[in-house]
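Chemist: What follows is the residue order along each chain.
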Amino acid sequence: MYLRLPIIALLYTIASAATAAPDGASLYSEHCAVCHGASGTGGVGIPLAVDSLLSIVSDDYLKKTIRLGRPGRIMPAFPKLSDAQINAIISHLRGWSDRKLEIMPEKPVRGDARHGKVLYAEHCASCHGKDGEGGKGTGVTFSRHRDMDIIPPALNNPGFQAATCDHMIQQTLIVGREGTPMTSFLEEGLTEQDINDIVRYVRTFYSEDDPDARTGEDLPPTLIVESPYSLEETVENAKQAISGKNFRFIRTQPLEEGLVPEGEENSRQVMIYFCNFNFLFEALAKDPRIGMFLPCRITVVERDGVVQVMSVNPMYLSKLFNNEELHEDCRTMTGIYRELLDEISL
Amino acid sequence: MTRCRHLFIILALTLAFLTPVAAEDLLAARSTQSFPEAMLMLQESIREHGYTVSRVQRVDIGLTNMGYQTDKYRVVFFGKIDEVRELSNRHPEMIPYLPMNISVIAEGDQTILITSNPAIYKTLFSKVKNKFLFDHWENDIRSIFNDIREAE
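Heads up: the protein sequence lines correspond to chains A and B, in order. Under this note's numbering, the residue at position 66 of the first sequence is numbered 66, and the numbers go up by one with no gaps. Under this note's numbering, the residue at position 105 of the second sequence is numbered 105, and the numbers go up by one with no gaps.
These are computed hints drawn from the structure, not numbers from a lab. Cβ coordinates follow ideal geometry from the N, Cα and C atoms, glycine included. Where hints are given, some of them may not hold.
Here are some chain A residues the structure puts well away from chain B; computed CB gaps all over 12 angstroms [what the hints assert, rightly or not]:
id, residue
1, 31
2, 58
3, 62
4, 92
5, 94
6, 103
7, 104
8, 109
9, 117
10, 168
11, 178
12, 187
13, 190
14, 220
15, 288
16, 319
Derived list of chain A stretches under chain B, where covered just means 3 residues or more per stretch with a C-beta under 8 angstroms from a C-beta of chain B [claimed, not checked]:
id, region
17, 234–245
18, 290–296
19, 299–308
Take the sequences, apply the hints, and build the full model.
Modeler: In structure tokens form, the structure reads like this:
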């Protein structure tokens with residue numbers, strides 16, 4: 001008898017937790033705001049609070065964009081969000097525009113892709129790339145150097161191609177995106193037929209690069225070599241090798257420095273910090289999120305009389321960033337670490 | 001002698017079968033606070049979660065000194081000595097990943113915090129028995145980020 005009340009209360013809580021609508025604003029803040037800005041004005045990601053975007057794209061476009069992401073272009077896929085959560089996020093985005101939604105029934109746009117190709121080279125390639133690969137870097141400029149206010153998205157991206165439809169591209173070209181470098185090409189003097197021709201051409205884009213294919217790069221997360229020298233000699237070798245590779249030596253410190261009172265650190269674990277500022281500057285422009293690699297470092301460790309030299313493997317970690325451009329830098333950096341480790345232990 | 005035959009000892013051979021990049025590999029938060037406020041708050045929250053801040057790397061200062069223009073950019077390193085010792089003794093291949101760090105990036109009058117999700121170590125370093133530790137780190141970082149997201 002007395003048990004009944006708590007059980008009812010419990011059932012009630014379970015039921016209400018299960019039916020409570022997901023909160024779009026807080027989901028957006030948790031999953032999207034870091035890149036697209038707290039109010040959709042852009043950041044690492046392009047702006048979303050744009051009337052001329054929100055008034056022409058369907059929920060289906062937004063849903064697919066969130067689910068699939070843009071492989072290799074920073075925008076992650078969100079496979080784990082539920083449909084209800086994604087719908088809640090979409091309602092939140094919709095709240096940024098009170099312009100009427102103008103979605104036409106999905107009907108293929110007719111046009112001549114060959115003529116579209118000529119027009120694309122003339123009017124679009126300078127921003128979206130020769131083959132639709134998008135601008136360098138992504139998102140909106142902050143005080144890092146960028147060529148443009150907002151980086152033009154990749155049109156050959158499998159995520160974009162899967163989410164978009166002919167009509168959306170057509171409307172984007174007709175209306176433009178106010179407040180961004182993407183202007184209305186009707187106003188720029190193209191005819192509706194020209195625009196349709198371009199739409200047909202853009203729909204032929206596909207990217208040959210399959211970012212998933214590179215996940216198997218068969219190196220471990222940590223690069224390690226054994227050094228035939230003493231710890232002290234190895235550290236000296238490392239300093240030499242570093243400056244030989246055009247990197248600037250910054251400092252050495254025990255791994256445990258700052259975690260224990262001075263003097264109590266394990267002195268047989270030495271980190272060597274170094275940097276190539278030009279390389280760093282370029283990499284930060286491609287992706288500001290690379291702090292975990294900074295500054296470059298090699299660690300020399302002595303255990304039971306054996307000295308090892310080790311570093312992270314940036315190529316292995318590259319996949320965390322979903323950024324094709326950055327991947328090239330990670331590949332370069334892995335090569336440099338391998339050469340350094342070889343030289344140090346030679 | 002070819003380079004391949006060189007001294008690479010492949011320690012963690014397990015090549016994790018990787019699902020397509022999911023957002024959760026990186027943990028990130030945007031704070032509406034200015035950079036100095038967010039930096040203070042981050043370090044305070046790290047300490048409240050029982051960690052020691054071991055170093056703040058001023059990436060921006062290094063760049064500026066070399067003549068490059070950049071917004072504020074710091075990397076905060078932190079850890080617990082017992083955990084760092086235990087892992088570095090038992091699993092030296094994890095040493096280059098220690099201690100943990102969070103990047104703090106100014107974006108206009110707001111601030112972005114970002115780090116890799118420690119949960120990825122469960123597949124990266126599959127030999128580590130104490131997987132619970134990485135879950136624990138993930139929870140702590142999520143909780144630290146929540147502190148900062150919620151602060152106005």
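Chemist: Now, for every hint given, state plainly whether the structure supports it.
Modeler: Hint check results:
no.: 1; hint: 31; verdict: 6 angstroms, violated
no.: 2; hint: 58; verdict: 23 angstroms, holds
no.: 3; hint: 62; verdict: 16 angstroms, holds
no.: 4; hint: 92; verdict: 15 angstroms, holds
no.: 5; hint: 94; verdict: 21 angstroms, holds
no.: 6; hint: 103; verdict: 27 angstroms, holds
no.: 7; hint: 104; verdict: 32 angstroms, holds
no.: 8; hint: 109; verdict: 30 angstroms, holds
no.: 9; hint: 117; verdict: 31 angstroms, holds
no.: 10; hint: 168; verdict: 24 angstroms, holds
no.: 11; hint: 178; verdict: 21 angstroms, holds
no.: 12; hint: 187; verdict: 30 angstroms, holds
no.: 13; hint: 190; verdict: 35 angstroms, holds
no.: 14; hint: 220; verdict: 5 angstroms, violated
no.: 15; hint: 288; verdict: 6 angstroms, violated
no.: 16; hint: 319; verdict: 6 angstroms, violated
no.: 17; hint: 234–245; verdict: violated (count 0)
no.: 18; hint: 290–296; verdict: holds (count 5)
no.: 19; hint: 299–308; verdict: holds (count 4)
Of the numbered hints listed earlier, those contradicted by the structure are 1, 14, 15, 16, 17.
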